[in-house]
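Colleague: Dock chain B against chain A, hints included.
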Amino acid sequence: MLKRDLVGSLFRKHLKPDALVIGGLGSAGRTWREQNAPHATYYASDPMGAGVTMALGLALAQPKREIFYIGGDGDLVMNLGCLLTLVGSGVSNLKIAIFDNRRYETGGGQSLAAAGQYSLAEIARHAGFPYAAAAAEPETIETAIEEFLAQPTLAFIALAIAMESSPYGPPPQWSQAEDRAVFMRKLAGES
Amino acid sequence: MSSATTGAERRAPAIVAGLKRAGIDLVSTLPDAWLGDLIGEIESDPAMTLIRLTREDEGLGICAGAYLGGRRAALLAQNAGLLLSTNVLAGLAFHHQIPALLMIANRGGPEDNQYYHAYKGRVTEPVLAAMGIPYHHVRGPEDFRLIDGAWQQSVLYRMPVVLLLSRNALYDEGR
Numbered sequence: 796m797l798k799r800d801l802v803g804s805l806f807r808k809h810l811k812p813d814a815l816v817i818g819g820l821g822s823a824g825r826t827w828r829e830q831n832a833p834h835a836t837y838y839a840s841d842p843m844g845a846g847v848t849m850a851l852g853l854a855l856a857q858p859k860r861e862i863f864y865i866g867g868d869g870d871l872v873m874n875l876g877c878l879l880t881l882v883g884s885g886v887s888n889l890k891i892a893i894f895d896n897r898r899y900e901t902g903g904g905q906s907l908a909a910a911g912q913y914s915l916a917e918i919a920r921h922a923g924f925p926y927a928a929a930a931a932e933p934e935t936i937e938t939a940i941e942e943f944l945a946q947p948t949l950a951f952i953a954l955a956i957a958m959e960s961s962p963y964g965p966p967p968q969w970s971q972a973e974d975r976a977v978f979m980r981k982l983a984g985e986s
Numbered sequence: 002m003s004s005a006t007t008g009a010e011r012r013a014p015a016i017v018a019g020l021k022r023a024g025i026d027l028v029s030t031l032p033d034a035w036l037g038d039l040i041g042e043i044e045s046d047p048a049m050t051l052i053r054l055t056r057e058d059e060g061l062g063i064c065a066g067a068y069l070g071g072r073r074a075a076l077l078a079q080n081a082g083l084l085l086s087t088n089v090l091a092g093l094a095f096h097h098q099i100p101a102l103l104m105i106a107n108r109g110g111p112e113d114n115q116y117y118h119a120y121k122g123r124v125t126e127p128v129l130a131a132m133g134i135p136y137h138h139v140r141g142p143e144d145f146r147l148i149d150g151a152w153q154q155s156v157l158y159r160m161p162v163v164l165l166l167s168r169n170a171l172y173d174e175g176r
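Just so you know, the protein sequences line up as chains A and B, in that order. Terminal number for the first sequence in this note's numbering: 986, no gaps in between. Terminal number for the second sequence in this note's numbering: 176, no gaps in between.
Nothing false has been slipped in among the hints.
Computed from the model, here is a short list of chain B residues facing chain A with C-beta under 7 Å:
#: 1; residue: LEU27
#: 2; residue: ILE52
#: 3; residue: THR55
#: 4; residue: ARG56
#: 5; residue: GLY62
#: 6; residue: ILE63
#: 7; residue: ALA65
#: 8; residue: GLY66
#: 9; residue: ALA67
#: 10; residue: LEU69
#: 11; residue: GLY71
#: 12; residue: ARG72
#: 13; residue: ASN88
#: 14; residue: VAL89
#: 15; residue: HIS97
#: 16; residue: GLN98
Simulated restraints on C-beta separations:
#: 17; chain 1: B; residue 1: PRO127; chain 2: A; residue 2: PRO812; range: 43 to 53 Å
#: 18; chain 1: B; residue 1: ALA119; chain 2: A; residue 2: SER914; range: 39 to 49 Å
#: 19; chain 1: B; residue 1: GLN154; chain 2: A; residue 2: LYS798; range: 39 to 49 Å
#: 20; chain 1: A; residue 1: HIS809; chain 2: B; residue 2: GLY141; range: 48 to 58 Å
#: 21; chain 1: B; residue 1: GLN153; chain 2: A; residue 2: THR935; range: 50 to 60 Å
#: 22; chain 1: A; residue 1: ARG980; chain 2: B; residue 2: GLN153; range: 16 to 26 Å
#: 23; chain 1: A; residue 1: TRP969; chain 2: B; residue 2: GLY41; range: 41 to 51 Å
#: 24; chain 1: B; residue 1: ARG140; chain 2: A; residue 2: PRO965; range: 44 to 54 Å
#: 25; chain 1: B; residue 1: ARG11; chain 2: A; residue 2: ALA983; range: 34 to 44 Å
#: 26; chain 1: B; residue 1: PRO14; chain 2: A; residue 2: ASP800; range: 46 to 56 Å
Quick caveat, the hints were computed from the structure, so don't treat them as lab data. By construction, the Cβ of each residue, glycine as well, lies at the ideal position given by its N, Cα and C atoms.
Only chain A is shown next, with the shape it has when bound in the complex:
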């Protein structure tokens, strides 16, 4: 099993500097936020289940940029059919990284439905993802992340994340709309 901070730091280390990031809600998004990475990032927040397709929309709008989504398994399975939508879209500039701890961690650690009886990587592979992998071992995780990020295609990785406490933070200083404006102005200034 993998520690969240290790995974977050490796993505920060190996993600292309000009990649754009969509952070999902819950502990996966918080893990990325805690990295203070320089990459332009929009935290999708709620509605739960919409973050992956938000990343797809960004990939369709910015086809020359690498788009990286980092989110949780509960968020993904709320709209699992979106894997077919991603494959059908034909995008090649989108990477999906899922914290696969089989729990609604921020919500109190309750299990996902059928926890332990499925493989998200196999689901993605059979949905038609050109690349879909699972990673669980600290000794090999850096190689796995490098390989995942090096794919020239739509790619998926499920990361077996250890259960760790992930309490809500304090109310944010900025509203979601203010964060959106900052992200869009940063993107406009860069392009």
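Modeller: Chain B alone, transformed into the frame defined by chain A:
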């Protein structure tokens, strides 16, 4: 060829022209029988990108992400999909404050003889009104100017705007 299909061939190009006037070149969809010819028109246009969905609220996520990246997008679906998407719709409107154009086949009204759509016709407008989401009726070609008008309103309001498409807006049935 049915008169409905013949008519649709006259309606769909004008609707796509309206989308282009609004600067929208990305449309995601989950089909409805009334939308078939319009979807085909979009798919066959090399200047447009069509994304097929498994659930309508995915399309709102795509609209939101596209807007973040500077591209204008619309969702094309039946009002059942609008009703399903209310959580994401409210999230875009009041949390993210992101524009989007929703082109919705407004099933279940007086021009729809399918009994299983009737409930959708009864609740669609009250739900939109309760949510505070702006919506407009597109009853025929004379209303196609509302396509770019609704997009402008969406940007000004920083929230999605819904166009409720009647059958007559999608098919010329000679009425």
